[in-house]
Amino acid sequence: MVVEYADLECPYCAKAHLILKALPVTRVFRHFPVTSKHPRARVLAAAAEAAGLQGRFWEMHDSLLEDQGHQDDPHLWQRAEALGLDLERFERERRSAGVAERVERDFRSGVRAGVTTTPTQFLAGEAHPGVPGASFRAALRSGP
Amino acid sequence: MIEPGSAAPDFTLPDQDGKQVALADFRGRRVVLVFYPSDFSPVCTDQLNLYQEVLPQFEERGVALVGISVDGAFSHKAFQKQLNVTIPLLADFHPKGEVARAYGLYSEEYGVAGRGLVLVGPDGTVDWAYLSPPLEVPGANLIFDALDERTPA
Numbered sequence: 062m063v064v065e066y067a068d069l070e071c072p073y074c075a076k077a078h079l080i081l082k083a084l085p086v087t088r089v090f091r092h093f094p095v096t097s098k099h100p101r102a103r104v105l106a107a108a109a110e111a112a113g114l115q116g117r118f119w120e121m122h123d124s125l126l127e128d129q130g131h132q133d134d135p136h137l138w139q140r141a142e143a144l145g146l147d148l149e150r151f152e153r154e155r156r157s158a159g160v161a162e163r164v165e166r167d168f169r170s171g172v173r174a175g176v177t178t179t180p181t182q183f184l185a186g187e188a189h190p191g192v193p194g195a196s197f198r199a200a201l202r203s204g205p
Numbered sequence: 026m027i028e029p030g031s032a033a034p035d036f037t038l039p040d041q042d043g044k045q046v047a048l049a050d051f052r053g054r055r056v057v058l059v060f061y062p063s064d065f066s067p068v069c070t071d072q073l074n075l076y077q078e079v080l081p082q083f084e085e086r087g088v089a090l091v092g093i094s095v096d097g098a099f100s101h102k103a104f105q106k107q108l109n110v111t112i113p114l115l116a117d118f119h120p121k122g123e124v125a126r127a128y129g130l131y132s133e134e135y136g137v138a139g140r141g142l143v144l145v146g147p148d149g150t151v152d153w154a155y156l157s158p159p160l161e162v163p164g165a166n167l168i169f170d171a172l173d174e175r176t177p178a
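Residue numbers (our numbering), protein chains in the order written: chain A, 62 to 205; chain B, 26 to 178.
Pulled out of the complex, with its shape left as it was, chain B reads as follows (with noise of 0.2 Å):
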């Protein structure tokens, strides 16, 4: 998995509405990349319904957060729907899992990202990243503590 102090690669992804998202759209302010998966598999559900009860918290530090996973544009769409959340969901899907790979989170085996959480500074640096184990939910806690440890200045 990418280290931090590394340059976050770039990428422009189309989100759920097929709108081109692009990680330099965020300079300036710090954005969390929350990959994951596959949409509606049972521990992602529960992960963005917590991350979407957190938002207010994050939106109160200016602090941007997206979804990546390698599902399609209108699969994000459907499983946006279905969770009831407004977090922007971006599809590394064509060509499969590339920015997940940039990431060093492409499973080969599973074709599929891990579990991934990238921080990423307001200069385009990865300031923290954590991979969650297999089937556990990292916490909004992990993300809280990177941001109160990393104030930028």
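This is chain A alone, in the form it adopts within the complex (with noise of 0.2 Å):
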């Protein structure tokens, strides 16, 4: 099992996302956006979640990082439609305070184990940042 730590606007957590999927192993997803850098990260982060309630968390976050150029509200309803989800429901939920706290707590658990980049990956406990690499692959392998 992995637990990643990334943000849904940040180009290298797309190339991660790519990496892991064609990996065989169960990922846990944690956001941690960094909207200095990324001023769209928390808005995604919330979409995300938002669908999640619906139960189509892994195919919004799967939509977004595949395709980080579109990343403005009309095209966040677009994909909502795509997935069928309930797009009043999904607009209520994303701008939602639980939301909200559900995505800032993923963040302050990633401050915690101390993530300061990402993607950042942990596998069992001990954190791989970066693009997953060789030696993320090595540990992968030699895992229990």
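Each hint should be verified, as a subset may be incorrect.
[Said to hold, decoys possible] In silico DMTMM-like links for lysine to aspartate or glutamate, alpha-carbon gap of 25 Å or less:
| # | chain 1 | residue 1 | chain 2 | residue 2 |
| --- | --- | --- | --- | --- |
| 1 | B | K121 | B | E28 |
| 2 | B | K121 | B | D170 |
| 3 | A | K76 | B | D71 |
| 4 | A | K76 | A | E165 |
| 5 | B | K102 | B | D40 |
| 6 | B | K106 | A | D133 |
| 7 | A | K76 | A | D123 |
| 8 | A | K76 | B | E28 |
| 9 | A | K76 | A | D128 |
Treat the hints as calculated values from the structure; they're not laboratory data. Since the model is a prediction, treat every value here as computed from it, not as a measurement.
These two chains come separately, so use the hints to put the complex back together.
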């Protein structure tokens, strides 16, 4: 199992996503938005969480990371529609305090765990900052 | 590097807008001095972006945070704008590195400050000091741990 801290607007996180997607590993996603660098980071994180409330977190996560050129609100509505979400509910929930708190909780847990850059992957409690490379694969192979 | 328990060397430095900022301005509250080698270098960039994101958590606790490097005020202004951060950046520019030297963080070899974090207590005493290995961003967790362990009376 890998625990990933990532920012949905971060291009390195998009690259990491494509690598992890091709590996036989269970993924746990946690938000680590860095808004001074990526102004839409928290908006996108909230959109993924709101989709998650309708059972479509991973689909929205994949959709956002695999097409980072379209991140404005109308693009989010298109994505939500394409995933068959109740659009009014999505719109209400992505702006809700509960969703914002969920994202902030993820972020703070990452800060506490010593995350300093996105993406950062944790395997068996050990941090692997950056896009997963050879050392990550080796750790994954030798892991429990 | 300066040791905890000693008096934090006083200083007055211009910020990115040329406004003079003195350590004494922070008396009565805690302040984290973030020394870093250079504006526009990749590691500092991530470090300040990260600290900007946790700034509300510092503010909740009444803790101030300032960046210090040997770059000049105009460079700081441009750097702040590029990073899109509001953390005040102080220019330890003239005489170059004098404040970094007073805190034992100046590298004569490279002509810049090391990546050091110094927590100064409300009374102006150094409560905690940490020097990061080169090219490593000191996580904000280190600062929070230091704050938690040393809650002032």
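Outcome of the hint check:
1. At most 25 Å may separate the alpha-carbon atoms for a hinted pair to count; K121 (chain B) and E28 (chain B) meet this at roughly 22 Å.
2. Taken as a hint, the K121 (chain B) and D170 (chain B) pair is broken in the structure, with Cα atoms around 32 Å apart against an allowance of 25 Å.
3. Proposed proximity of K76 (chain A) and D71 (chain B) is supported: the alpha carbons are some 18 Å apart, at most 25 Å.
4. For the hint pairing K76 (chain A) with E165 (chain A), the CA-to-CA distance comes to about 24 Å; that is within 25 Å, so the pair holds.
5. Restraint check: the Cα-Cα separation between K102 (chain B) and D40 (chain B) comes to about 8 Å, which is no more than 25 Å; the hinted pair holds.
6. At most 25 Å may separate the alpha-carbon atoms for a hinted pair to count; K106 (chain B) and D133 (chain A) meet this at roughly 23 Å.
7. Of the supplied pair hints, the one linking K76 (chain A) and D123 (chain A) holds, its CA atoms being roughly 12 Å apart against a limit of 25 Å.
8. With a C-alpha separation of about 43 Å, the suggested pairing of K76 (chain A) with E28 (chain B) is violated against the 25 Å cut-off.
9. A distance of roughly 11 Å separates the Cα atoms of K76 (chain A) and D128 (chain A); the hinted pair therefore holds under the 25 Å criterion.
Figure legend: structure checked against the earlier numbered hints; hints not met, in rising order: 2, 8.
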